[in-house]
Amino acid sequence: DAGVTQSPTHLIKTRGQQVTLRCSPKSGHDTVSWYQQALGQGPQFIFQYYEEEERQRGNFPDRFSGHQFPNYSSELNVNALLLGDSALYLCASSLVAEDPAFGQGTRLTVV
Amino acid sequence: RKEVEQDPGPFNVPEGATVAFNCTYSNSASQSFFWYRQDCRKEPKLLMSVYSSGNEDGRFTAQLNRASQYISLLIRDSKLSDSATYLCVVNSLSNYQLIWGAGTKLIIKP
Chain X
1 DAGVTQSPTH LIKTRGQQVT LRCSPKSGHD TVSWYQQALG QGPQFIFQYY
51 EEEERQRGNF PDRFSGHQFP NYSSELNVNA LLLGDSALYL CASSLVAEDP
101 AFGQGTRLTV V
Chain U
1001 RKEVEQDPGP FNVPEGATVA FNCTYSNSAS QSFFWYRQDC RKEPKLLMSV
1051 YSSGNEDGRF TAQLNRASQY ISLLIRDSKL SDSATYLCVV NSLSNYQLIW
1101 GAGTKLIIKP
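Going down the list, the sequences are from chains X and U. The numbers in this note's numbering rise by one with no breaks, and the one at position 85 of the first sequence is 85. This note's numbering runs 1000 ahead of the 1-based position in the second sequence.
Source of the hints: derived by calculation from the structure; they are not laboratory data. Hints may be right or wrong, so weigh each one.
Stated by the list, open to error - Chain U side only, calculated, beta carbon under 7 Å to chain X, not exhaustive:
| no. | residue |
| --- | --- |
| 1 | Gly1009 |
| 2 | Tyr1096 |
| 3 | Trp1100 |
Unchecked claim - Here are some chain U residues the structure puts well away from chain X; computed CB gaps all over 12 Å:
| no. | residue |
| --- | --- |
| 4 | Gln1006 |
| 5 | Asn1022 |
| 6 | Glu1043 |
| 7 | Ser1049 |
| 8 | Arg1059 |
| 9 | Gln1069 |
| 10 | Lys1079 |
| 11 | Asn1091 |
| 12 | Leu1098 |
| 13 | Ala1102 |
| 14 | Ile1108 |
We put the CB at the ideal spot given by N, CA and C, even for glycine.
Please model the entire structure based on the sequences and the hints provided.
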């Protein structure tokens, strides 16, 4: 049974560019949350998707957007990249009454 | 004030010793509490949930004090492999997001 898979694992982008990160949830999970973890910090909640809609959003600018597909997979898009967007981006999938499962993360470096 | 606060450490502990971490949270409506372990440059992994009555899993014991709004993690007979960052996480029923502390770094020395 595959767990949460994220792609790509590493990415280098230039300031001002746009990036799309992808997440496939654990089988049976219907909810996907995205977190940003800067070096030396705990993960910060970006947003959560459920039934293809953004259910809750953290304190992130509109440059961060997402999508959930009918098969529950999800994308995180970041526009106009800043140096400060460099971080580990974590995807977590979940189902009611179950602990979330995390992917291995995508490490984004903005230069 | 941060919603979840932890001592960042590092805690340098000799192998075999007992070590304890505390974590405080500010939202009294928090309902669920967890300890996660994160190895360098890896994703966090659930170590244990924390229940009101306290719970134990092998060498690990977690306690919750709702009145003082803190949770603790005790590691007995520490192993070299326990070296990692330990993250305290809380969640409330009305809020879908997990709120994370910045983590406590633990280094077990031979």
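Hints, verified against the model:
With its C-beta approaching chain X no nearer than about 11 Å, U:Gly1009 sits outside the 7 Å limit, and its interface hint is violated. Nearest Cβ of chain X to the Cβ of U:Tyr1096: about 5 Å, under the 7 Å cut. The hint holds. This hint holds: U:Trp1100 has a C-beta 3 Å from the nearest C-beta of chain X, less than the 7 Å allowed. Remark: the non-interface label on U:Gln1006 conflicts with the geometry, its nearest Cβ contact in chain X lying 8 Å away (cut-off 12 Å).
Remark: the non-interface label on U:Asn1022 is consistent with the geometry, its nearest Cβ contact in chain X lying 15 Å away (cut-off 12 Å). At the 12 Å boundary, the C-beta of U:Glu1043 falls inside the reach of chain X, the nearest C-beta of that chain being 5 Å off. Non-interface call for U:Ser1049 relative to chain X: violated, since the shortest CB-CB distance, roughly 7 Å, does not exceed 12 Å. U:Arg1059, annotated as away from the interface, keeps every beta carbon of chain X farther than 12 Å; the closest lies near 21 Å.
Residue placement check: U:Gln1069 keeps its beta carbon more than 12 Å from all beta carbons of chain X (closest about 17 Å). Chain X leaves U:Lys1079 outside its interface by the beta-carbon criterion, the shortest separation being 23 Å against a cut-off of 12 Å. The beta carbon of U:Asn1091 sits about 10 Å from the closest Cβ of chain X, which is not more than 12 Å, so the claim that it is off the interface is violated. For U:Leu1098, the condition that its CB be more than 12 Å from all CB atoms of chain X is violated, with the nearest at approximately 7 Å.
Separation of U:Ala1102 from chain X is inadequate, the least Cβ-Cβ distance of about 5 Å not exceeding the 12 Å criterion. With a closest Cβ-Cβ approach of about 20 Å to chain X, U:Ile1108 is found to remain outside the 12 Å limit, as its non-interface label requires.
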